[in-house]
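> These protein sequence lines are chains A and B, in that order.
Taken in order, the first sequence gives residues 1 to 220; the numbers are from our numbering.
Taken in order, the second sequence gives residues 1 to 233; the numbers are from our numbering.
Keep in mind the hints are simulated off the structure, nothing from the lab.
Using N, Cα and C, we set each Cβ at its ideal position, and we do this for glycine too.
Any given hint could turn out to be false.
Said to hold, decoys possible - Facing chain A, a subset of chain B residues (Cβ under 7 angstroms, in silico):
#, residue
1, A116
2, I117
3, V127
4, L156
5, L157
6, F211
7, A214
Unchecked claim - With a straight-line Cα cutoff of 35 angstroms, these simulated DSBU-like cross-link-like pairs (lysine-lysine) come out:
#, chain 1, residue 1, chain 2, residue 2
8, B, K8, A, K153
9, A, K153, B, K63
10, B, K111, B, K8
11, B, K3, A, K153
12, B, K111, A, K70
13, B, K111, A, K181
14, B, K3, B, K63
15, A, K70, A, K153
16, A, K10, A, K70
17, A, K70, B, K63
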Amino acid sequence: MFEIQHLVLKEIKLEWRNRAALNGLLLYVVSSVWVVYLGFSLTVSALSPIIWNTVFWIILLFASVNSVAKSFLQESEGRVLYYYTLFSPQGIIFAKILYNTLLLLVVAFLGLFFYIVLMGNPVQDFPLFCVILALGALGFASTLTMVSGIAAKAQNSTTLMAVLSFPIILPMLLMLMRVSKNALDGLDRSLSTDEILTLLAMNLIVISVSYLLFPYLWRS
Amino acid sequence: MLKLSWWKYLTMALLFYTLIVGLLSDVPRLDIVNESIRNLYFHVPMWFGMIIILLVSMVYAIKYLRSNQELHDIYAVEAANVGILFGILGLVTGMVWAQFTWGTFWHGDPKQNASAIALLIYLAYSVLRSSLEDEQQRAKISAVYNIFAFATLIPLLFILPRLTASMHPGNGGNPGFNSYDLDSRMRMVFYPAVIAWTLLGWWLVSLRVRFSKAKNQLRTEAHAAQSEQLIND
Chain A
1 MFEIQHLVLK
11 EIKLEWRNRA
21 ALNGLLLYVV
31 SSVWVVYLGF
41 SLTVSALSPI
51 IWNTVFWIIL
61 LFASVNSVAK
71 SFLQESEGRV
81 LYYYTLFSPQ
91 GIIFAKILYN
101 TLLLLVVAFL
111 GLFFYIVLMG
121 NPVQDFPLFC
131 VILALGALGF
141 ASTLTMVSGI
151 AAKAQNSTTL
161 MAVLSFPIIL
171 PMLLMLMRVS
181 KNALDGLDRS
191 LSTDEILTLL
201 AMNLIVISVS
211 YLLFPYLWRS
Chain B
1 MLKLSWWKYL
11 TMALLFYTLI
21 VGLLSDVPRL
31 DIVNESIRNL
41 YFHVPMWFGM
51 IIILLVSMVY
61 AIKYLRSNQE
71 LHDIYAVEAA
81 NVGILFGILG
91 LVTGMVWAQF
101 TWGTFWHGDP
111 KQNASAIALL
121 IYLAYSVLRS
131 SLEDEQQRAK
141 ISAVYNIFAF
151 ATLIPLLFIL
161 PRLTASMHPG
171 NGGNPGFNSY
181 DLDSRMRMVF
191 YPAVIAWTLL
201 GWWLVSLRVR
211 FSKAKNQLRT
221 EAHAAQSEQL
231 IND
């Protein structure tokens, strides 16, 4: 526990010291929302909820891939060796997942804020939508952290990151889109419990598989 | 005379049985599906075969991580390749079937989409392998991705289609096979067909593994000869 806390704090400190990356990321979200807004420009009011929802999740997907991709890429060879001697691999993967979740929560809610400002807010059950967004951040963070660990070992890792992560993140994304559509339409919450439980189960699978597999990845 | 182990003869016998009995025997008359119901002996067993072969691939990936033997890695890759082949075959047979029963080749059915994604995952696996240079590292990292991908494939193939409307039997409130179209005569062909296609997949894997091993052997021999020449010069 102590180890994880330390590692998360270290990630936050590093991010804060090197604010260019963080600012770049936040700008990435804002400018993609802006591009979408201008793309739909005059017809924003005529936008159907399903398009609103899909476009929002796609922006979020790309922003997440970009923000998590650097979590292993930015580590230099020497630093990795240093961690290797200090921490257990389980501690490192948990800390990374936790930190990336925090990062994606910031990205997701900032994105949502700008998206609502520009594209209007058709969400009828807003608290549920926020819960789904948080679940999505956790899910994206856990899947993408592991994939970025894999991609960081290979050449042309930025392309690889997208190629490896999109297909395995799709089931989660489809689930998220479905539940958030329910929230958008203000359907009764009991209709969404099944999907939310499935999402939690998926997150659990991904996190436990990462926990089991990361030591092998780390050792290579 | 070619000598083959017993299960290869069994595979051939079962495949011929599937082909001959599957195409000649009586099938139930059902609306819309009509004679195309015979595709059940080809389309569905190919999916079963794909899932089993991919499971084998994952098992060998786990074995590789535990043992670090190169042979296990070769098995994992070749099983994944055969899985991709079966996936494509299953998709094509399914598309033809969809054209004649549902009216379009690509119907956007959840299972169709899920299987296309499954193919993407395993194609990504081969891209990952080709972008890693060091052999040991390649084996290890692709084994990790293999297991990770299989773990996410399961919700994709088995859980998601059950939650959405699908035109496949057994999904979205449609009755499963057992209740209407898979009567006992069809079972007599269907189960052997599943075994036949799976065994054929395993046969392909073992052939490909032998080919890979021979290639590796030749490469190491060529290396040895080259270095010997260098020393002699």
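> Would you mind marking each hint as holding or not holding in the structure?
Outcome of the hint check:
no.	hint	verdict
1	A116	violated, 9 angstroms
2	I117	holds, 5 angstroms
3	V127	holds, 6 angstroms
4	L156	holds, 4 angstroms
5	L157	violated, 9 angstroms
6	F211	violated, 25 angstroms
7	A214	violated, 27 angstroms
8	B:K8 / A:K153	violated, 40 angstroms
9	A:K153 / B:K63	holds, 21 angstroms
10	B:K111 / B:K8	holds, 32 angstroms
11	B:K3 / A:K153	violated, 44 angstroms
12	B:K111 / A:K70	holds, 34 angstroms
13	B:K111 / A:K181	holds, 21 angstroms
14	B:K3 / B:K63	holds, 30 angstroms
15	A:K70 / A:K153	holds, 12 angstroms
16	A:K10 / A:K70	holds, 15 angstroms
17	A:K70 / B:K63	holds, 30 angstroms
Of the numbered hints stated above, those contradicted by the structure are hints 1, 5, 6, 7, 8 and 11, listed in ascending order.
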